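Novice: Protein chains in written order, with my numbering: chain A, 444 to 627; chain B, 4 to 197; chain C, 4 to 366.
Worth flagging that the hints you see were computed from the coordinates, not collected in a lab.
No experiment lies behind these values; they were computed from the predicted model shown.
One should not assume that every hint holds.
Taking lysine to aspartate or glutamate and the EDC-like style, the derived pairs with C-alpha atoms no more than 16 Å apart in a straight line are [claimed, not checked]: (1) C:K330 x B:E197; (2) B:K187 x C:E319; (3) A:K563 x A:E498; (4) C:K330 x B:D196.
Here is what each chain is made of, one letter per residue.
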Amino acid sequence: MFPGGLPVGASVQVGEYQEHFNYNDAGKSNQDDFVGQGKLSMDEKDMSGVFFECELTEAQNGVGAFILQCKRLDFHYCNFGGSSRGMLSFLTTDLAAFAREHPQIEIRVSPRPAKHPVIKGHYINGQEKAICVRNLEPSEIMKKTNILKEANGEKLKRTKKPVTSLNESVRGIWSPYHGDLRGV
Amino acid sequence: MATSITMPKRPFLTLPFLLPSLTESLSLGAVRHQSSYRRTKQRLRVKPDASFGPSQQGRDQIIYNPPSSAPKFLPANDVRRAMRPATAAAATTNVSELPSVYKTQPERKYHLTPEDVEEIRKLRLNDPMTWSRYSLAKKFECSPLFIAKVCGASPEKKAIQKQVLEAVQSRWGPKRRMAREDRKLRREAWGRDE
Amino acid sequence: MEQHCSFAAGNVEDATFQDPDAMRHIRRAHKRKTQLQYPSPPVEAATQSAKLAALHARLYLPSRLPLQTLARTLVDASADSNVDFNNESLATLGHDLLANYTSEHLICTYPRLPLSVTFAAMYAYVGPKTLAAISKEWGIDNATVPGGEVDPGFLQFQRVAPGTAVEDISQLKSSRPYADQKKWRMTVSSKIFYDDEFGDAIKGSVALGQGVTEETARATFVRAVLGAIYLHAGRPAAKRFFEQHILSRHLNVSELFNFSQPARDLARLCARENFEAPVAKIVSETGRKSRSPVFVVGIFSGQDKLGEGSGSSLMEARERAALSALKGWYLYTPLNPRVPSSMEEEGAAPWKPAHIDLGEVIV
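Please model the complete structure; the sequences and the hints are all you need to start from.
Specialist: Shown next, in the form of structure tokens:
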């Protein structure tokens, strides 16, 4: 009926008599054809590969775009406390250069009187990390700031595998039912 | 591999009169098969498959793992059609030698005429209780599937059949019902390749 | 840190207070009062927001895209109904760009994909759920309540009142005849013509004062960002942004399939393509009489193996083998697929027609 196969959108009237020969033609060439073995359901005619579940794409930060996970750094200092001396010097000398280097981080500086100086990092996953920098030199505070900048906000955990991937292994999974037997 | 022998307290080598021959004694003396890391690794050192071999004749070898049926499904203008080496086709086993999934294959006759089909439709519509799909298939020497293709059951017959099914299912206990439901779910999982 | 407040307000400038602190306080109070009368932050507030500047830098947005426009993309139509200040127009443009770029990518990469799977993949790439997730990964926070005094770096939208059914919010705007007949069968092909890019019925805009869900507001924002990039930085920048943020995300298209009768479909496919009829053969098996047998069944067309599957029954192995064969057919990808929009690049090679064949198997 359709020499090149069915056109897109064509609906097949399975109950029609002429269609019967079309079905048989498909299996005439081979006796082993298994069309006749399946159970034909008469009401599912319109679609072959029907999709039901709702899959979404998964983010792979760094593949394509890279989003720095630290979105905000809060610097708290005290104007009078001795433990804030290094922090005050850091804020006046180094912070402007740091902020210029990392425009993607929002930086807030606010006093916290009669308390030790603290740096707080706010992350995209909603977590918060705080490091107390009492009595530290400006260079040490810079190191702590870099730690917070480079963190991703998740709790520290040990990674055992060198690589984790969303893609399935290109080598496949070993199967005991395939391949020749080899003397081991 | 592991023959059970009672080991004397002194090693064999110091008692040469116990040994039938020298070669056998060596093999008996070295029965520690899996006891060292090095030996375990040595045994796992399997000769690799030809396709995974190192560079041959000074040039790099392409690892060729043919995807299932790629050449057949590629369109005519795709250059990858020609990439199939002649050895790959020869290496595959002969399909006709493999056992079939079904024990018997239905014989296809193509003997029914349009009048027969009309007859089938008339019988199934007028007397659905006598002429079920299977009885019609027996009468006309075709498969029940063909009967289903040619005509559907009448609405009354469908209603009766539904009642029969409900009556049967009402006698099922929780175990059987759950087993049937699980079977259905498993079957649906096939279609999603899970 | 002291903020520099720049605003023009005639009568405040005239006041002659000697005390600078009192003067500053009055200016701030006045500024707040003027801002409160607007439904969304004024345009000049954009340059004052550290949050907004950080967002601009975090997304590596082109410098030609000003902060004022970025601030506008964050204002939903439910927060500010004035079309000159909300992101509706930008989002419309961004929506069309997203749909265009994604569909051309899918169709050119997988030319044989069934239509229902294409719809599902479209939803996975640029559906509202994905776009909302993207905006979360960009570090966007919601404003509790929209208003003129809010930092323009927050996403501003009016929330749906609690207890409202989400389906009732937007009216159906489908041009499909008999759209209200819910029980009637809709063919998948008709969805191309009547429905949106995900195969769902087209929804109209939300009625004024109704509010939107967070997901909708976030999706609208992401679309508006793409529209803004297109307008300010041009087509290549928008394409690059799309590739980096949307297309780079991971999606396994082969997981979107769901077949009811793969063996039947494969038989139809082979008949259509003039292949030899498929035959199921046992490749290997173990434990046939045991409690846990495993059969490996291959489906052959002539001497070629189309697919292979394993299962604990012969039927299961055969179905899985047919399914793997069908996936091998549907997931065909041409070598180096090109999309039509790649012709817009400078010095693009001459266009070669994309692969098109008969489409999916219809049984």
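Novice: Please go over all the hints and tell whether each is borne out by the structure.
Specialist: The hints, checked one at a time:
In summary, the hint linking C:K330 to B:E197 is supported, as the alpha carbons are separated by about 14 Å, within the 16 Å threshold. With a C-alpha separation of about 12 Å, the suggested pair B:K187 and C:E319 falls inside the 16 Å cut-off, and the hint holds. For the suggested pair A:K563 and A:E498, the alpha carbons sit about 36 Å apart, so the restraint of at most 16 Å is broken. Under the criterion of a C-alpha separation no larger than 16 Å, the hint pairing C:K330 with B:D196 is consistent with the structure, at around 10 Å.
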